[in-house]
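There are 4 protein chains.
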Amino acid sequence: MQDPLADFSPHGFPLSAKELTAYLETHVFPLEALLSAGRHEELAAGIAEVRQDVKARGAWAPMAPRDVGGLGLPLTTQAHLGAILGRSPLGHHAFGAQAPDAANIELLHAFGTPAQKEQYLRGLVAGELRSCFAMTEPGHAGSNPTEMSTIARRDGDGWVLDGSKWFATSAHGADFCVVMAVTNPTGPVYGRASLFIVPCGTPGFRHVRRVSVMGDEGAGYASHSELAFEGCRVSAEHRLGPEGGGFLLAQARLGPGRVHHCMRWVGVAERCYDIMCARLVSRDIGGGKPLASRQLAQAWVAESRVDIDTSRLLVLDAVRQIEAHGTEGARVPIAAIKLHVARALDRVMDRAVQALGALGMTDDTILAYLYRHERAARIYDGPDEVHMTTIARHELRRFGGAK
Amino acid sequence: MQDPLADFSPHGFPLSAKELTAYLETHVFPLEALLSAGRHEELAAGIAEVRQDVKARGAWAPMAPRDVGGLGLPLTTQAHLGAILGRSPLGHHAFGAQAPDAANIELLHAFGTPAQKEQYLRGLVAGELRSCFAMTEPGHAGSNPTEMSTIARRDGDGWVLDGSKWFATSAHGADFCVVMAVTNPTGPVYGRASLFIVPCGTPGFRHVRRVSVMGDEGAGYASHSELAFEGCRVSAEHRLGPEGGGFLLAQARLGPGRVHHCMRWVGVAERCYDIMCARLVSRDIGGGKPLASRQLAQAWVAESRVDIDTSRLLVLDAVRQIEAHGTEGARVPIAAIKLHVARALDRVMDRAVQALGALGMTDDTILAYLYRHERAARIYDGPDEVHMTTIARHELRRFGGAK
Amino acid sequence: MQDPLADFSPHGFPLSAKELTAYLETHVFPLEALLSAGRHEELAAGIAEVRQDVKARGAWAPMAPRDVGGLGLPLTTQAHLGAILGRSPLGHHAFGAQAPDAANIELLHAFGTPAQKEQYLRGLVAGELRSCFAMTEPGHAGSNPTEMSTIARRDGDGWVLDGSKWFATSAHGADFCVVMAVTNPTGPVYGRASLFIVPCGTPGFRHVRRVSVMGDEGAGYASHSELAFEGCRVSAEHRLGPEGGGFLLAQARLGPGRVHHCMRWVGVAERCYDIMCARLVSRDIGGGKPLASRQLAQAWVAESRVDIDTSRLLVLDAVRQIEAHGTEGARVPIAAIKLHVARALDRVMDRAVQALGALGMTDDTILAYLYRHERAARIYDGPDEVHMTTIARHELRRFGGAK
Amino acid sequence: MQDPLADFSPHGFPLSAKELTAYLETHVFPLEALLSAGRHEELAAGIAEVRQDVKARGAWAPMAPRDVGGLGLPLTTQAHLGAILGRSPLGHHAFGAQAPDAANIELLHAFGTPAQKEQYLRGLVAGELRSCFAMTEPGHAGSNPTEMSTIARRDGDGWVLDGSKWFATSAHGADFCVVMAVTNPTGPVYGRASLFIVPCGTPGFRHVRRVSVMGDEGAGYASHSELAFEGCRVSAEHRLGPEGGGFLLAQARLGPGRVHHCMRWVGVAERCYDIMCARLVSRDIGGGKPLASRQLAQAWVAESRVDIDTSRLLVLDAVRQIEAHGTEGARVPIAAIKLHVARALDRVMDRAVQALGALGMTDDTILAYLYRHERAARIYDGPDEVHMTTIARHELRRFGGAK
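Line by line, the protein sequences give chains L, V, G and W. Just so you know, the numbering used here puts 189 at position 157 of the first sequence, and the rest follows in order with no gaps. Just so you know, the numbering used here puts 159 at position 127 of the second sequence, and the rest follows in order with no gaps. Just so you know, the numbering used here puts 319 at position 287 of the third sequence, and the rest follows in order with no gaps. Just so you know, the numbering used here puts 327 at position 295 of the fourth sequence, and the rest follows in order with no gaps.
Since the hints were derived computationally from the structure, they do not count as laboratory data. Remember, it's a predicted structure, so these values are computed and weren't measured experimentally. C-beta: ideal position from N, C-alpha, C; glycine also. Any given hint could be a false lead.
Said to hold, decoys possible - Computed list of lysine-lysine pairs in DSBU-like fashion (alpha-carbon distance at most 30 Å, straight line):
| # | chain 1 | residue 1 | chain 2 | residue 2 |
| --- | --- | --- | --- | --- |
| 1 | V | K87 | V | K50 |
| 2 | W | K321 | V | K321 |
| 3 | G | K321 | L | K321 |
As the list claims (entries may be wrong) - Restraint ranges, calculated between C-beta atoms of paired labels, are given here:
| # | chain 1 | residue 1 | chain 2 | residue 2 | range |
| --- | --- | --- | --- | --- | --- |
| 4 | G | E160 | V | G433 | 46 to 52 Å |
| 5 | W | R89 | L | P274 | 53 to 59 Å |
| 6 | W | A356 | L | D316 | 34 to 40 Å |
| 7 | V | G433 | W | G171 | 18 to 24 Å |
| 8 | L | Y222 | V | K321 | 41 to 47 Å |
| 9 | W | A54 | G | T178 | 57 to 63 Å |
| 10 | G | A69 | V | G433 | 29 to 35 Å |
| 11 | W | T178 | V | G433 | 20 to 26 Å |
| 12 | G | A69 | W | G171 | 45 to 51 Å |
| 13 | L | R429 | G | T178 | 51 to 57 Å |
| 14 | L | E73 | W | H357 | 56 to 62 Å |
| 15 | G | G90 | W | T178 | 54 to 60 Å |
Claimed, not checked - To list a few chain W residues with every Cβ distance to chain L over 12 Å, as calculated:
| # | residue |
| --- | --- |
| 16 | G171 |
| 17 | E179 |
| 18 | D341 |
| 19 | H426 |
Using the sequences provided together with the hints, build the complete structure.
Below is the structure:
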C-alpha cells in the first residue's frame with residue numbers, strides 16, 4: 033500500500049488524490065488549532081470559507097447521490113476519498129461529507145417522502161441545513177434495541193415523543209433531528225421503534241447540554257448533546273420510513289456508514305503515522321542520530337504500517353462484498369472492519385503519542401486531540417465486543433452453530 | 033491482594049487505610065468535577081479548606097521528614113499511603129504530598145544549605161510555598177543529559193541563566209523553581225549541569241505559557257508550563273548542591289520519586305477499577321442481566337486485578353531493595369516498576385473506558401480525565417523504552433554484557 | 033528481584049539456593065538431552081543415580097511432611113525451592129518432589145486411613161512407589177464436575193469402577209492410581225464424586241496408551257496416559273476420604289498444588305530467560321556487536337524480567353494469603369497466580385525462542401522441549417478462561433455481584 | 033472474505049477451489065497422522081500414490097512454469113492455490129509445489145544454463161528429483177550475508193567448497209543441493225557469494241544429521257539437515273548464475289518465495305481455525321451449551337477471522353505490487369506480509385490450542401504438529417525483527433530518512 037495516493041485518481045472527483053491531500057494540508061490543517069483550543073467561532077468562520085471554495089471547485093458533497101446535488105461517486109471511490117478527508121478532523125466537514133449529515137442524507141434519499149426530501153434533503157446536501165441523529169440513551173446499552181425508553185405515542189394524526197437521548201452528535205445548532213422512538217413496545221423486538229424527523233424548534237424538544245467529552249464540550253458540528261423530548265408533538269408527515277421500521281432503517285444507515293467511519297479512521301491513522309514518522313526522523317537523540325535509528329521506534333513504524341494497510345484493504349474488501357451480497361450478506365466483513373480498524377487506529381495513535389513523548393501529550397500538535405476523541409471508535413456504533421460476537425455467531429453457523 | 037486495606041493500619045499516621053479511603057471519598061472526590069470542568073478557582077478554594085482540615089487531623093505531609101514538619105514515615109508506609117491518596121488526582125495535594133513539591137522537599141532536605149532550608153524548605157512542607165522543577169526542554173530528549181541547552185554562566189559571585197524549559201509541572205503560581213542548567217559544557221557528561229533555586233519573581237524569569245495538555249491548560253498546581261530564562265541572574269547562594277551535581281541530584285530525586293509515582297498510579301488504577309466494577313454490576317444488558325455477566329467483562333476485571341496486584345507487589349519489593357541496596361543498587365527494580373506500573377495503569381484505564389462505553393468518554397465521571405492525563409505515565413521520568421534498555425543492560429551484565 | 037538467590041538460604045534444607053542451582057546445573061541439566069531425545073531408559077538410570085545422591089545429602093522430599101519422611105518445610109520455603117528445581121524439567125523428580133506424587137502425598141497425608149498411609153504414603157515419599165491421578169476425561173470439559181462420566185457403583189462392601197480417563201500424568205509404570213469417580217449421580221453437584229486408590233494391577237484397570245503430546249509419547253514419569261476402568265473392583269478400604277468428598281479433596285489438592293505449579297513455572301521461565309540472555313550476549317550480528325545490542329532484544333529481556341519478577345512476587349503473596357485466610361479465603365490470589373504465571377511463562381518462552389532463532393526451534397537446547405510442553409500451563413488445572421471468571425465473580429461481589 | 037472459496041475457480045487449474053479443498057480432505061488429511069507419528073516410510077508410500085493421482089488429474093506442479101512441465105499459472109492464482117494446499121502440511125508436496133524445490137525451480141528456470149536445466153530442472157518439476165537449499169550456517173545470523181563462512185575457492189576450472197550449513201530443508205535423501213558459498217571474501221558485501229549446484233553424492237559432501245526440531249528429526253522431505261562441505265570439488269559448470277551473484281539470486285528467490293510461504297501460512301491458519309470452530313460448536317460445557325456460547329471463545333473466532341482475512345488480503349495486495357513494481361519496488365509489502373502473516377498465524381494457532389484444551393496438546397489432531405513446527409514462521413527467511421527494520425527504513429525515507 034506504500035504511497036497508495038500515487039496511482040489513485042478518482043473518477044468523477046475534480047482533484048487527484050495528491051491534490052486533495054495537498055489541499056487539506058494547505059487549507060484545512062491550519063484551522064485545526066482552533067478546534068483543539070476550543071475557539072469555535074473562529075473555526076466556524078474559517079471552515080465556512082473553505083466550504084465555499086470547495087463548492088467553487090466542484091468537489092462538494094462527494095458522498096451524496098447525484099440526483100440531490102452530490103457527486104454520485106461509487107462506494108469504493110467514496111471510501112478512498114474518506115481515507116484522505118479523514119486526515120483532518122475537519123476534512124469531511126470541509127467537503128460536505130460529515131457525519132451525521134451524510135448518513136441522514138442516505139436515509140432521506142432512500143426512505144424520505146417527496147415532501148421530506150424537498151424540505152430536508154436538498155438543504156442538507158447543499159450544506160444549508162445541519163442535522164443530528166438521536167438513538168443512544170443515557171441509561172441503556174446503545175446496542176440493545178429492547179432497552180430503548182424513548183416513546184412516541186399516537187396523538188390524533190400525529191405523534192408525541194417523550195424520552196432522553198444523548199451522544200446526539202452535532203445536535204448543537206442543528207436544524208432538525210432524526211430520532212428513534214418506540215412506537216409499539218410489545219411488538220416483535222426489531223419492529224418496536226420508528227424514526228421521526230423533529231425540527232429543533234418544535235415545542236417539547238429541549239437541548240439539555242453539550243456533553244463534555246474527554247475535556248471538551250465542543251460546539252456546533254463538533255459536539256455531542258443530551259436531548260430531552262418532553263411531550264414533543266410532530267405531525268404524521270414527520271415519521272421517516274414505515275412504522276416499526278426504525279431498527280431496519282438504522283441498520284441500513286449503519287452498513288455503509290461503517291465503511292465511511294472506518295475509512296475516515298484509516299485517514300486518522302495515516303495522519304498520526306505521518307506525525308510520528310516526521311518526529312522520528314527529526315528528533316535528535318544525541319550524537320546526530322535521530323530517534324528513528326532506534327529499533328523500538330522502527331517497530332512502531334512497521335507495525336503501524338501493517339495496521340493501516342490491513343485496515344484499508346479490509347475496508348475495500350468489505351465494500352466489494354457489500355456490492356456483491358448486500359449489507360445483510362456482508363455482516364461479517366462489516367463487523368470485521370468495525371472491529372479491526374478501530375483497534376488498529378487505537379494502536380497507531382498510542383504509538384504516535386509514545387513516539388512524540390511529552391510533545392505528544394500537548395495540544396501543540398493535533399495528535400492529542402485525536403488520541404482522546406478517537407478513542408470512541410472502539411465504542412460507538414457497537415463496541416468491539418458486540419462485533420466480535422456478531423462475527424463469531426455468523427462464522428460458527430458454517431460449523432453447526434454457536435447455540 | 034484482595035482488599036489490601038483490610039489489614040493495613042499505618043504506624044505514625046492518624047487514619048487507618050479504610051478511614052483514609054473514606055475521607056477521600058467524602059471530602060476530595062466531590063471536588064474532582066471542578067478539576068475536569070476547569071473551574072480552577074472554586075477548586076483551589078475547596079482544596080484549601082480540605083488542607084486545613086487535614087492539618088487539623090495531624091495527617092499533613094506524610095511524605096516529608098519529621099525534622100522539617102512532616103510525619104517522617106518509613107518509605108513502605110509512604111508507598112501504601114500513596115496508593116490510597118492516588119485514588120483521586122487531588123489526593124496528594126489535599127494531604128501536602130504532591131509532586132513536584134514532595135521531591136523538592138527531599139532535595140532541599142538532603143542537599144540544601146541551612147539558609148536554603150530556612151527560606152524554602154519549611155514553607156514548602158507547611159504548604160505555604162509552592163515550587164516547580166524545570167529540567168525538560170522543548171527541543172531535546174528529556175532523558176539525555178548531553179542535550180541540555182539551558183546554560184548558567186558565572187557572573188561575578190552569581191550565575192546568569194539562559195534557556196527554555198517546559199513541562200515544569202505546577203510552575204503557574206509557584207513561588208520558586210528548581211532549575212537544571214549546564215555549568216560546564218565540556219565537562220564529563222554527567223557532571224555538566226548544576227541545580228539552581230530561582231524565585232519566580234527574579235528578573236529574567238518568564239512564565240511563557242501553561243502548555244495545553246490533552247485539551248487542558250489547567251491552572252496552578254494542576255498545570256504544566258513553558259518557562260524562559262533570559263539573562264536571569266541569581267546569587268551564588270541560589271545554587272542547590274555542589275557545582276556539577278545536577279544530574280546526580282536529579283537522579284537521587286528520581287529514585288524514591290519513582291516509588292511515589294508508581295504507588296500513585298496504583299491508586300489511579302484502583303480508582304478506575306472501582307469505577308469499572310461498579311458499572312459492570314449496575315449496567316443492565318437486557319433480561320435483568322448485568323454487563324458483569326459477560327465473559328469479556330469478566331476478563332477485564334481479572335486482568336485488571338492482576339495488573340494492579342502485580343504493580344503493588346513490585347513497587348513494595350522495589351522499596352525493600354532500595355532500603356537494602358540503595359538507589360544505585362536498585363536500578364533494575366526501580367526501572368522495572370516505572371515500566372510495569374505505567375503500562376499496567378494504561379491497560380486498566382483502557383479497559384475501564386471500554387467498560388463504561390459512551391459514558392467513559394464523557395466527563396460525567398473522572399475516568400476520562402484520568403485516561404487522557406495519566407497517559408503521560410509511560411512518557412515522563414523516562415519513557416518505557418529507556419527503562420527497558422536500563423533493565424536489559426544491567427541484567428545482561430550477569431551474562432557477560434550487552435556490548 | 034535481581035538475583036533472588038543471593039540472599040536466600042532455606043531453613044531446614046541442606047543446600048543454599050546457590051548450591052542447589054549449581055547442583056542442578058552439574059548433575060541434572062546434563063540428563064535433559066536424554067529427555068528430549070526420548071531415550072527414556074538411559075534417562076531413568078541417570079535420574080535414579082541422582083536421586084540416591086540427593087537422599088545421601090539429606091535433600092530428599094522437600095515438599096513432603098516430616099512425619100512421613102519429608103523435610104517438612106514451610107510453604108514459602110517450598111515455593112522458593114520449587115522455583116529453583118523448576119529450572120529443569122527433571123528437577124522436581126530428582127529431589128522427590130514431582131507431580132503428581134507430591135500432591136498425592138498431601139492427599140494421603142491429610143485424608144488417608146492409617147492403613148492407606150502405611151501401604152501407600154511411606155513408599156511414595158521414599159520414592160519407592162510411583163502414583164498417578166486420574167480426573168480428566170476425554171469427552172468432557174475437565175473443569176466442569178457435572179460432566180464426569182466415570183462411575184463407581186457399590187458392589188457388596190466394595191466398589192466397581194467403569195469409565196475412561198486421560199491425561200493421567202505418570203500413569204505409565206505407576207504402582208497405583210488415585211481416581212475420581214461419580215458415586216452419587218443425582219446428589220448435589222459438588223458431592224457427586226469420590227476418590228479411590230486403585231493399584232495398577234487390579235483386574236479391569238487398563239493402561240490404554242500413552243497419549244502423544246506435542247510429538248512425544250514420553251515414558252514413565254514423563255508421560256500422560258489414557259486409562260480405562262472396565263468393571264474394575266476395589267474393596268471399601270480403597271476409597272480415599274469420605275464418600276462424596278471427591279471434588280472437595282481435589283480442590284484441597286489443587287490449592288497449594290497451584291502454588292507448586294506456579295513456582296515450578298517461575299523456574300522454567302528463569303531457565304528460558306538464562307538461555308535467552310546467554311544467547312543474546314554471545315550471538316554476533318556483525319561488526320563485533322552482539323544481538324544484545326539491539327533494542328528489540330533488550331525489550332525481550334526487560335519484559336521477561338518483569339514477567340518473572342511479578343510472577344514470583346504474586347505467588348509468594350498468594351502463599352501469605354493462603355496461610356492467613358486458608359485455601360478457600362485465598363481463591364482470588366490462587367486463581368490469579370494460575371492465570372498470570374502461566375501467561376507470563378508463555379510470553380517468556382516465546383521471546384526466548386525468537387531470540388535463539390533457528391537454534392530455538394531445534395532440540396540442541398532444552399528450550400524447544402519447554403516451549404511445546406509447557407504450553408499446557410495455560411490449560412491444565414483450569415484454563416485461563418476459568419480462572420478469569422473465578423477472579424471476576426469474587427471481585428465483583430464487593431460491588432454487588434456479577435449476576 | 034467469508035468463504036473465499038465460494039467464488040474462486042482458478043483458470044488453468046483443473047479443480048475448483050471447493051474441489052481442491054475436498055480432494056485434500058479426502059486424500060491428504062488421512063495421511064497426516066503418519067507425519068506426526070513419525071511413520072515416514074508409510075507416509076512416503078501414501079504420498080507417492082496421491083502424487084500419481086494428482087498427475088493423472090492434470091493438477092501437478094501448479095507453481096512451475098509451463099515450458100518445463102508446470103501449469104504456468106499467474107502468481108495471484110498460485111497464491112490462492114497455496115492458501116488451499118497449505119491447509120495440510122502435506123498439501124504442497126502432494127501437488128508438486130513444495131519448498132524448497134519450488135523455489136529451486138524458479139532459480140534454475142531463471143538462471144540455469146541449458147545443461148543445468150536439462151540435468152536438474154525437468155526432473156525437479158516432474159517430481160523425479162528432490163533438492164535442497166543450503167544457506168544458513170550454525171554459527172552465524174542467517175540474515176547477515178557478511179557473516180557467511182562457507183568458502184568456495186577456485187581450483188583449476190572448478191571450485192572446492194568448505195564449510196558447514198544447517199536448516200537445509202529436505203536435504204535428507206535429496207538428489208542435489210543448491211549451496212551458497214563465499215567466492216570473493218573481500219568484495220563488495222552483497223557480491224561476495226555465489227551459488228553452486230552440488231549433487232549429494234559428490235565426494236566431500238556430507239549429510240551430518242537431521243536436526244531434531246521441536247522433538248522431531250523427521251525424514252526425507254519433512255526434515256532439516258546439517259551438512260558439511262569438506263574439500264568438496266565441483267566443476268565450473270556447477271556454478272548457478274554469475275560469480276558473485278549469490279545474494280542477488282537468493283533475494284530474487286525470496287521475493288515470490290515469501291508470497292508462497294505467506295499464502296501457505298494462510299492455509300495453515302484456516303485449517304487451525306476450522307479445527308477450533310468445529311471444536312467450539314461440539315464441545316459441551318454443561319447444560320447442553322457448547323463452548324462456542326462463551327464470549328471469550330467468540331472472541332477467538334472473531335479475532336482469528338480478522339487475522340486470516342487481513343493476511344490473505346495483504347498477500348494478494350503484495351502480489352499486485354510485485355507485478356506492478358517488481359520485487360525490488362515491492363520491498364515494503366513483501367516485508368509486511370512476512371511480518372504480519374507469520375504473527376497472525378502464531379496467534380491463530382495459539383487460540384486454537386487454547387480452544388481445544390488438553391486435546392490441543394495431543395497429537396490426536398494435527399494442530400499440535402502445526403503449533404510447534406510453524407512457530408518457525410516468525411524466524412526463517414528473516415525474523416520479525418529484520419522485517420520491521422526493513423519496513424521502517426523504507427517508509428522513513430519518505431520523511432527524510434532514518435539515519
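*Those earlier numbered hints the structure runs against, lowest number first*: 8, 9, 12, 13, 14, 18 and 19
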